[in-house]
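S.K.: Kindly generate the complete structure, drawing on both the sequences and the hints.
Below are the chains, spelled out letter by letter.
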Amino acid sequence: MEVLAGVEEFKSFITDLIDIKPRKYSEIIVPARAPDDPEGFYSLTSLRPGIEFQLECHRTADPVKVLFYLFRERVTGRDHPGGERLIAGVKACDIKGMQLLDRAMINDDFTDPAYSDWRSRTTIISSDCTTLHSTCHCNMTGGGPWSEAGFDLNLSRVGNEYLITSGSEKGEDLLGLVKDAVNCRNAGPADLEQVKAARVSLNAELEARNGRVGYADFIEGIRSMDSGGWQDASAGCVGCGACTNICPTCYCLLLNDESSEKEFIKERSYDSCQLAGYATVAGGGTPRPLMRDRFRNRYLCKLDLIKRNLQIFGCTGCGRCIEACVAGIDIRKVVTGTTGLEVPASGTGSEKTVFQGRGV
Amino acid sequence: MVNPYEVIPATIYDIVQESPMIRTLRLRPRDPVEFKTGQFIELSVPGIGEGPFTPSSSHFVSDVMDVTIMKTGFLTEYVHRTEPGEVVGLRGPFGSCYPLDKFAGRDLLILGGGCGLAPLRSLFLTLLHEVERYRSITFLVGAKSPKECIYKDETAGWRQYENVRFLRAVDEVPDGESWNEDVCLVTGLLEKIDIDPTDNPAVVCGPPVMMKFGTMDLLKIGYKPENLYLSMEKKMYCGFGQCRHCVMGEYYACKDGPVFTYDQIRNEEAIWD
Numbered sequence: 024m025e026v027l028a029g030v031e032e033f034k035s036f037i038t039d040l041i042d043i044k045p046r047k048y049s050e051i052i053v054p055a056r057a058p059d060d061p062e063g064f065y066s067l068t069s070l071r072p073g074i075e076f077q078l079e080c081h082r083t084a085d086p087v088k089v090l091f092y093l094f095r096e097r098v099t100g101r102d103h104p105g106g107e108r109l110i111a112g113v114k115a116c117d118i119k120g121m122q123l124l125d126r127a128m129i130n131d132d133f134t135d136p137a138y139s140d141w142r143s144r145t146t147i148i149s150s151d152c153t154t155l156h157s158t159c160h161c162n163m164t165g166g167g168p169w170s171e172a173g174f175d176l177n178l179s180r181v182g183n184e185y186l187i188t189s190g191s192e193k194g195e196d197l198l199g200l201v202k203d204a205v206n207c208r209n210a211g212p213a214d215l216e217q218v219k220a221a222r223v224s225l226n227a228e229l230e231a232r233n234g235r236v237g238y239a240d241f242i243e244g245i246r247s248m249d250s251g252g253w254q255d256a257s258a259g260c261v262g263c264g265a266c267t268n269i270c271p272t273c274y275c276l277l278l279n280d281e282s283s284e285k286e287f288i289k290e291r292s293y294d295s296c297q298l299a300g301y302a303t304v305a306g307g308g309t310p311r312p313l314m315r316d317r318f319r320n321r322y323l324c325k326l327d328l329i330k331r332n333l334q335i336f337g338c339t340g341c342g343r344c345i346e347a348c349v350a351g352i353d354i355r356k357v358v359t360g361t362t363g364l365e366v367p368a369s370g371t372g373s374e375k376t377v378f379q380g381r382g383v
Numbered sequence: 005m006v007n008p009y010e011v012i013p014a015t016i017y018d019i020v021q022e023s024p025m026i027r028t029l030r031l032r033p034r035d036p037v038e039f040k041t042g043q044f045i046e047l048s049v050p051g052i053g054e055g056p057f058t059p060s061s062s063h064f065v066s067d068v069m070d071v072t073i074m075k076t077g078f079l080t081e082y083v084h085r086t087e088p089g090e091v092v093g094l095r096g097p098f099g100s101c102y103p104l105d106k107f108a109g110r111d112l113l114i115l116g117g118g119c120g121l122a123p124l125r126s127l128f129l130t131l132l133h134e135v136e137r138y139r140s141i142t143f144l145v146g147a148k149s150p151k152e153c154i155y156k157d158e159t160a161g162w163r164q165y166e167n168v169r170f171l172r173a174v175d176e177v178p179d180g181e182s183w184n185e186d187v188c189l190v191t192g193l194l195e196k197i198d199i200d201p202t203d204n205p206a207v208v209c210g211p212p213v214m215m216k217f218g219t220m221d222l223l224k225i226g227y228k229p230e231n232l233y234l235s236m237e238k239k240m241y242c243g244f245g246q247c248r249h250c251v252m253g254e255y256y257a258c259k260d261g262p263v264f265t266y267d268q269i270r271n272e273e274a275i276w277d
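In the order they appear, the protein sequences are chains R and D. For the first sequence, the working numbering begins at 24 and goes up steadily by one. For the second sequence, the working numbering begins at 5 and goes up steadily by one.
I should point out that these hints are in silico values taken from the structure, not numbers from a laboratory. In this text, all values refer to a predicted model and were calculated from it rather than measured experimentally. Treat each hint with caution, since some may be false.
[Stated by the list, open to error] DSBU-like mimics (lysine-lysine), calculated; alpha carbons at most 35 Å apart, straight line:
#: 1; chain 1: D; residue 1: Lys-106; chain 2: R; residue 2: Lys-330
#: 2; chain 1: D; residue 1: Lys-40; chain 2: R; residue 2: Lys-285
#: 3; chain 1: R; residue 1: Lys-330; chain 2: D; residue 2: Lys-228
#: 4; chain 1: R; residue 1: Lys-330; chain 2: D; residue 2: Lys-216
#: 5; chain 1: D; residue 1: Lys-228; chain 2: D; residue 2: Lys-40
#: 6; chain 1: R; residue 1: Lys-285; chain 2: D; residue 2: Lys-75
#: 7; chain 1: D; residue 1: Lys-75; chain 2: D; residue 2: Lys-156
#: 8; chain 1: R; residue 1: Lys-44; chain 2: R; residue 2: Lys-193
#: 9; chain 1: R; residue 1: Lys-330; chain 2: R; residue 2: Lys-193
#: 10; chain 1: D; residue 1: Lys-40; chain 2: R; residue 2: Lys-330
M.R.: Rendered as structure tokens:
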């Protein structure tokens, strides 16, 4: 049963969690804008007294991946009896990113010890987007700017309140604490209607910007575009790897040997398929010698290969790669440009929309 | 669940310098490494890095392991500086193996060159362990020159089985070296054999260019794509389909390979590069 709590009361509750004794969370991470960051630029920030944060708006600049799959961390002989963490204000694109990483990292064949450790001791509060970043395009990847699963608690803005939905046992526990600390009221049909209306309205705005098309419509185009097409699409790409590092689903890794005389130690760190040496074997052979080959590989991986391996799209439409690209390359334009098709404007194109199969 | 990143220390108890660029490390792992022939392991030099190599010993032996390594890059440069008594690390085994059951009762052809002989020696020694299971085994081996031939001390023993034929060729015999076997590309040896290709299996391993032309020649003779077993070399960095360096289309060379049938991967891109 959903309940509603006042926005400011809920935020105070989160802030107060820092001081609760005994400490429930060893760390609380929230989206916050640093004083010298531009408007609308939020990054994952460890909550300390006095920090201004928000729990809605749009995605953070950095993906939550960086809190579960660290840029560099030890994967052998781990001894990490750490406490529970709370991450609040996580957006749908990041939730979907975590769902992909979960499949890749915790499955029947393999469990990444570090990832599963971080994952098991983290509580996630997601929230519906209330604003859009210029690069947002989750509507093109079979999603929308809200989450229906993959969270412990979810917040949807209704007037001056948050409608709080629990999605797990951890969420139920935390909701119990919320109810003890904050005056809550039970949600009625009108509240749920408002949530739905807000979701539909923001999604319509996304469709107006990006067109009512999905990446699924372009998979054949991506598979079949010739080398000349990729040459044009990758013009300007310097192969820096920013797009893959900032991606919420990229998880290609390097295994660094940090062994000492006493023990073998392995650390893993990020690698990028955009770097020239990525697939090069000893002796110099590589299946992707040119920048356009590596550029193409990323698109194939995101939209075709990962789907075949993990049954989920490798792109969540967060648009961080667009924001990070020094050459201004826009994945939306590259993908829609793989076919000669005109991208239909809002309301005129295919009826395949994100609402198919999704209860809003 | 076992952590596949964890390393098993292995002591080098002997080193065989097979050729100027190739040496075999004989290892005694702290815990036995049970593998199936064709699978690979990740071997690390502490503090330097690690790379994928196939054991070159029989899979019926697990308390010790031979690994034959060519000096060809950063890591192998260090491998070639190791000395007996030093400790290296092993992870694995990983990947697919040669389907011995499908070879049973057949006339098996093995085609190898250069350091591609490493997994083939493992296969061959494993086959010799139950040599009567196979109707015949034909092992064709190529090297650049007599000096580059590896496993020199063992080959005489390999010729002593009734149903085993072992043929060797070198590309050229430089002045000052002697050779009384064939001088041709390894694929040239195919002219000397008479095996019905219809339903018999063949195994190919070697440098990419040799694998490509070896495969093409076998197809030309009449071998079926589903009976051609290739040991693919890609950058198998982690060994279990996680790092994605070795992705070939929807396949991982490390997890779905390294042993593929040609039929499996014929449509994937850049398989020989």
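S.K.: Are the hints correct? Go through all of them and say.
M.R.: Verification of the supplied hints:
Distance check on the hinted pair: Lys-106(D) and Lys-330(R) sit about 32 Å apart at the alpha-carbon level, within 35 Å; holds. The hinted pair formed by Lys-40(D) and Lys-285(R) meets the criterion: a straight-line CA distance of about 30 Å does not exceed 35 Å. Restraint check for Lys-330(R) and Lys-228(D): satisfied, since their Cα atoms lie roughly 31 Å apart, inside the 35 Å limit. For the given pair, Lys-330(R) sits about 30 Å from Lys-216(D) by alpha-carbon distance, which is consistent with the 35 Å threshold.
At most 35 Å may separate the alpha-carbon atoms for a hinted pair to count; Lys-228(D) and Lys-40(D) meet this at roughly 24 Å. For the proposed pair Lys-285(R) and Lys-75(D), the alpha carbon gap of about 27 Å is at most 35 Å, so the pair holds. A distance of roughly 18 Å separates the Cα atoms of Lys-75(D) and Lys-156(D); the hinted pair therefore holds under the 35 Å criterion. For a cut-off of 35 Å, the pair hint linking Lys-44(R) to Lys-193(R) stands: about 19 Å separates their Cα positions.
At roughly 30 Å between alpha-carbon atoms, Lys-330(R) and Lys-193(R) fall within 35 Å of each other, so this suggested pair holds. Distance hint between Lys-40(D) and Lys-330(R) is fulfilled; the C-alpha atoms sit about 30 Å from each other, no more than 35 Å.
In this structure, every one of the numbered hints holds.
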